[in-house]
Each structure stands twice: as structure tokens, then as C-alpha cells.
Amino acid sequence: MWPNYQTRRWQVAVTAGLLSLAIMGIVFAIWGITPFGNHNLLISDMGGQYLSFFTAYRHAILTHSFQLYSFSQSLGGNALPTIAYYLLSPFNILMLLFPAANLPTGLSLLIMLKISLIAVTMTAFLQTHFQTKRWSTAIFGVAFSLSGFVALNYFTIMWLDALIWLPLVIQGLDHLIATSHPGRFFGWLWVSIVTNYYLGYMTCLFVIYYFIYQLFERKRPQDSLWQTVRHQFSLIRHVVVTMLLSGLSTMFVLIPTGLGMLTTAKSAVKLSSYLPVPQFGLAVLSQFGLGAANFTTRLVHAPTVFSSSLVVLLALSFWVQPNLTKAHKWHSFGLLLALFLSMDIRTLDTIWHMFQTPAGFPYRNAFFFSFVLIMIAFEAWLAGPRRIALRWQWLLPTLMVSALILGWFAQRTAKHPLTTSTLALSLVAVILTAIALFATAKRWQTLSLAGIVALELGTNSTLMLAKSPLGNQAKFVTAYRTEYRQMQSRQRS
Numbered sequence: 005m006w007p008n009y010q011t012r013r014w015q016v017a018v019t020a021g022l023l024s025l026a027i028m029g030i031v032f033a034i035w036g037i038t039p040f041g042n043h044n045l046l047i048s049d050m051g052g053q054y055l056s057f058f059t060a061y062r063h064a065i066l067t068h069s070f071q072l073y074s075f076s077q078s079l080g081g082n083a084l085p086t087i088a089y090y091l092l093s094p095f096n097i098l099m100l101l102f103p104a105a106n107l108p109t110g111l112s113l114l115i116m117l118k119i120s121l122i123a124v125t126m127t128a129f130l131q132t133h134f135q136t137k138r139w140s141t142a143i144f145g146v147a148f149s150l151s152g153f154v155a156l157n158y159f160t161i162m163w164l165d166a167l168i169w170l171p172l173v174i175q176g177l178d179h180l181i182a183t184s185h186p187g188r189f190f191g192w193l194w195v196s197i198v199t200n201y202y203l204g205y206m207t208c209l210f211v212i213y214y215f216i217y218q219l220f221e222r223k224r225p226q227d228s229l230w231q232t233v234r235h236q237f238s239l240i241r242h243v244v245v246t247m248l249l250s251g252l253s254t255m256f257v258l259i260p261t262g263l264g265m266l267t268t269a270k271s272a273v274k275l276s277s278y279l280p281v282p283q284f285g286l287a288v289l290s291q292f293g294l295g296a297a298n299f300t301t302r303l304v305h306a307p308t309v310f311s312s313s314l315v316v317l318l319a320l321s322f323w324v325q326p327n328l329t330k331a332h333k334w335h336s337f338g339l340l341l342a343l344f345l346s347m348d349i350r351t352l353d354t355i356w357h358m359f360q361t362p363a364g365f366p367y368r369n370a371f372f373f374s375f376v377l378i379m380i381a382f383e384a385w386l387a388g389p390r391r392i393a394l395r396w397q398w399l400l401p402t403l404m405v406s407a408l409i410l411g412w413f414a415q416r417t418a419k420h421p422l423t424t425s426t427l428a429l430s431l432v433a434v435i436l437t438a439i440a441l442f443a444t445a446k447r448w449q450t451l452s453l454a455g456i457v458a459l460e461l462g463t464n465s466t467l468m469l470a471k472s473p474l475g476n477q478a479k480f481v482t483a484y485r486t487e488y489r490q491m492q493s494r495q496r497s
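Numbering (our numbering), first residue to last: 5 to 497.
FYI, nobody ran anything at the bench for these hints, they're computed from the structure.
This one's a predicted model, so the numbers in the text were calculated from it and none came from an experiment.
Warning: the hint list may mix true and false statements.
Unchecked claim - Cross-link-like lysine-lysine pairs, in silico, PhoX-like; alpha carbons within 25 Å at most:
1. K471 with K419
2. K330 with K223
3. K333 with K137
4. K223 with K333
5. K419 with K137
Stated by the list, open to error - Restraint ranges, calculated between C-beta atoms of paired labels, are given here:
6. R224 with L341: 42 to 50 Å
7. N42 with T329: 52 to 60 Å
8. R391 with T59: 17 to 25 Å
9. G364 with R224: 44 to 52 Å
10. L410 with L341: 17 to 25 Å
11. L286 with R391: 26 to 34 Å
12. A445 with A182: 35 to 43 Å
Each residue gets a CB set at the ideal place from its N, CA and C atoms; glycine is no exception.
Can you make the complete structure from the sequences, with help from the hints?
In C-alpha cells:
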């Protein structure tokens, strides 16, 4: 039985990865992005910074010419902060497989691979956390891999690693709580921090939130909070010590990076960044629908919390699910609310962003909210969405439709408001999902939901790519080869 469970578990995770890969491949093909067309993703910082970093990375490894001092930064400076932030992903080694002129193609494929791996690790986590081998788990893994954060920030390629490691970090923490064995938690947290210290820091904060949630889950009804802390003190100490040791073991990256950053403008402190004021209003509701952000709004927008209509409807059904305890619902609500306030309250948001207000690309911690929302939705799915009262099966889709319309009206005064057609697509997605969830025959339910979610996630990614000033791959290759020949001729002369 157990070997069969293990086999099915990996089959489902791999299926999720392949489905995510196929969706992203179709999206890239629609926009003609290399290797499926003549466009490339040399947009925003990908064209302005990342490509040159990857080119230097490739050159350094192939020629064994490693330098920790760079003249590309003003008059020259320590290159370690740049290396630590952009180039420590283990997946970057795949760039060696591509000629320098075809690095944009390599970057497109690397983005697709990372998004696919997010689906794999999220699916594996959900299966382990909820002890299930259902094929439907893949739907929720894919929903995380193509959530709003990924669909908008895919070209910030080094951030995608954090979403790959996050399910493994939390899986490791679950394992520590259940068995007192810290190895997995220590190892995956270490990988998360070293790979990208910035989002690794956020992952550490999320671990604290999640662990507090787990302590409340383990609290006995008759115990006070203080009694729970006393009873769980050994576990608390074990988790805290493991976190500290994992963090301390990454100091070979953090210390030189920190010293390098002290010489930059990022070390400046603005008191206005710590004011306890809300940062967004009802416009955030529009983010639960399709195409709520795109390239033109990438610098200023509400949190990108989209993860499909299925996830939202199931998360709403979680609170009225008769098979779940009231205490568990309150604990889950508390975790979700804490993450929401971490984005909305400027003080908390600044702390989450390493005590600096982001210069564009705000709410970089939005994927943690999506992670928990998908967890809650999946638990509601396992509990049986049709077990909720019939009135809720009508009211919940109505509530979501109303929220999307309200969010659409709230952002009408924005510089780049959502179009009516985009809102209409979101409403159609909600209606189709509700029909499949509450009114479709059970044998067709999973397949129909998988199709709707895949179409919705693909449509959202396609809409978010809209208005992106995609580069021309053929022109890039020609320009690169011309410049390379000129440099070679100068060296010979």
C-alpha cells in the first residue's frame, strides 16, 4: 500500500509540473516568445540587468575567470551582493548549455522550468501535508505555480526559486513538528536563504507565522496560551534553534552581502515607510480576477493574489464547511488575516521587505498569501464542497461575483483601469467554476475543473503579458554576433 502511495504521489506531482509547463508553453507560443517565435523577454530589468549578469556568469564559469570586483557598478565595487541576489540559483548552471547569443532563449526555457518545478513541489507538499494521493491535487499545485505573483513577475527570474523551495521548507517544518527530526527543515531553509537571501528572509518570517498557527492547532481547548507555550516549549526551542543554526550557516553569503549593501542607497531609512497606515482599499478585490495587472502596472498595483476562481470559491466554502471544527477555521482565518495585514499595513509591509519600501514591484510577499489560500482551498476540497448547505452553494459564487464587480468599480479611477471585457471574463470563469464545483456529475467534476482552471490560469498569464514591449530575438542575435566579431578584431589588432 505504501509503495503504491509513493508511486502515485510522484506521478501526480510530475503531472502537475507537465501541465504547468504546457500552459506556460502555450502562453509563450501565443505571444511568439522564443523558442516558439521571434520575440524574447528582454523587458524591464531582464533586458537592463539580468541578461548582462547571466552573460558574465556564463563567461566566468566557461573561462574560469572569477572576479569579485565589478566595474559595472559606478566606478567599481564589490560584486558579491550582485552575485548573492541574482546568480546563486542552482538552476543557473543550465545557462551553460546555450551560446551567449541565444541566452534569451535559455532564459525563457529556464522560466518555464522553474514554473513547472513550483507546481511539482507544491503538489508534493499538499499530498504530504494532507496525506492524500488524489490526482486532483495537481490542480492546486498548478494554481500556485501560475498564481498572480508568478504571472506578473515571471521575468524577475531569481524570485521564482523562492516559490520552488517554500513548499519544501514548510514540509520540512511539518516533519520536524511530527517527528522531531530537523534535517529537512534545516536543509531547505538553508537552500532558500542562500539561493536568494531577500525572499529567503521573507520565508523565515512566514515560517514564524506558520509555526504560530501550528501551535494554536496543537493547543488543547482547556489550556491557556501560556500553558500551551509551556507544554510546547521543547518543540518551540527545537524549531527556533534549527532556524537560527540554518540562518547562521548562511553567513558566508549574508555577511559580505550586508557589508556591500551598507555602501548603497538601500541602507537609508525613511520614517514614512514605517507609518501604520493602510496601503490599498477595495481595489484589491479586483486582483482575485483575471488580468488585474500587467506590464504597464508592474510598478504600482495592489497585491497580486490571483490563484483561480476555484481556489477562491473553495476557500470561501471552507468557512461554512460542516466537517471542519470551528477552532480550526479560526486558526486558519488568523493566519490568512495576519498575512493580509502584512501587505496592507505599511509598517509590517516595510519589515517584510527587509526594512525598505520596494522601488516598484510592490507586495513581493503576496505569494505567501496565495500559498495559504490554496492550502485552505485544498482542505475544503478534501472535505467535500457539496457538503455545504445548498444556500451557500448559491451565495458563495454570488459573493465572489459581487466582490469582483466592487473591486472593478474601486479601481476605475486608476491610471490603467481594468476593461469591462476583462471583468466579463472573470465573471464567466466564476460561473463556470461554480457549475463544475456544485452542479456537475462527480465523475466529470475533476476533469471539468482541471480544464477550467488550466484555461483560466493560461488566460490570466496571457493577459498579464499584454502590453509588454517584447524584444526581437533575431535582431539581438545579429547585434550580439556583430559586436562579438568587432571585439575579436580589436583584440587581434
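Consistency of the hints with the structure:
1. Using a Cα cut-off of 25 Å, the hinted pair K471 and K419 holds, with the two alpha carbons roughly 15 Å apart.
2. Of the supplied pair hints, the one linking K330 and K223 holds, its CA atoms being roughly 14 Å apart against a limit of 25 Å.
3. The hinted pair formed by K333 and K137 meets the criterion: a straight-line CA distance of about 24 Å does not exceed 25 Å.
4. Between K223 and K333, the direct Cα distance comes to roughly 14 Å. Compliance with the 25 Å bound is thereby established for this hinted pair.
5. Between the alpha carbons of K419 and K137 the distance comes to roughly 46 Å, so the proposed pair goes past 25 Å and is violated.
6. Taking the beta carbon of each, R224 and L341 are about 23 Å apart, not inside 42 to 50 Å as hinted.
7. For the hinted restraint 52 to 60 Å between N42 and T329, the CB-CB distance of approximately 56 Å keeps it satisfied.
8. Roughly 56 Å separates the CB atoms of R391 and T59, a value that falls outside the hinted 17 to 25 Å.
9. Checked against the given bound of 44 to 52 Å, the beta carbons of G364 and R224, roughly 47 Å apart, stay inside it.
10. One distance hint, 17 to 25 Å for the beta-carbon pair L410 and L341, holds here, with the actual separation near 19 Å.
11. Hint check: L286 to R391, Cβ distance near 31 Å, so the stated range 26 to 34 Å holds.
12. As the Cβ distance of A445 to A182 is approximately 37 Å, the hint placing it in 35 to 43 Å holds.
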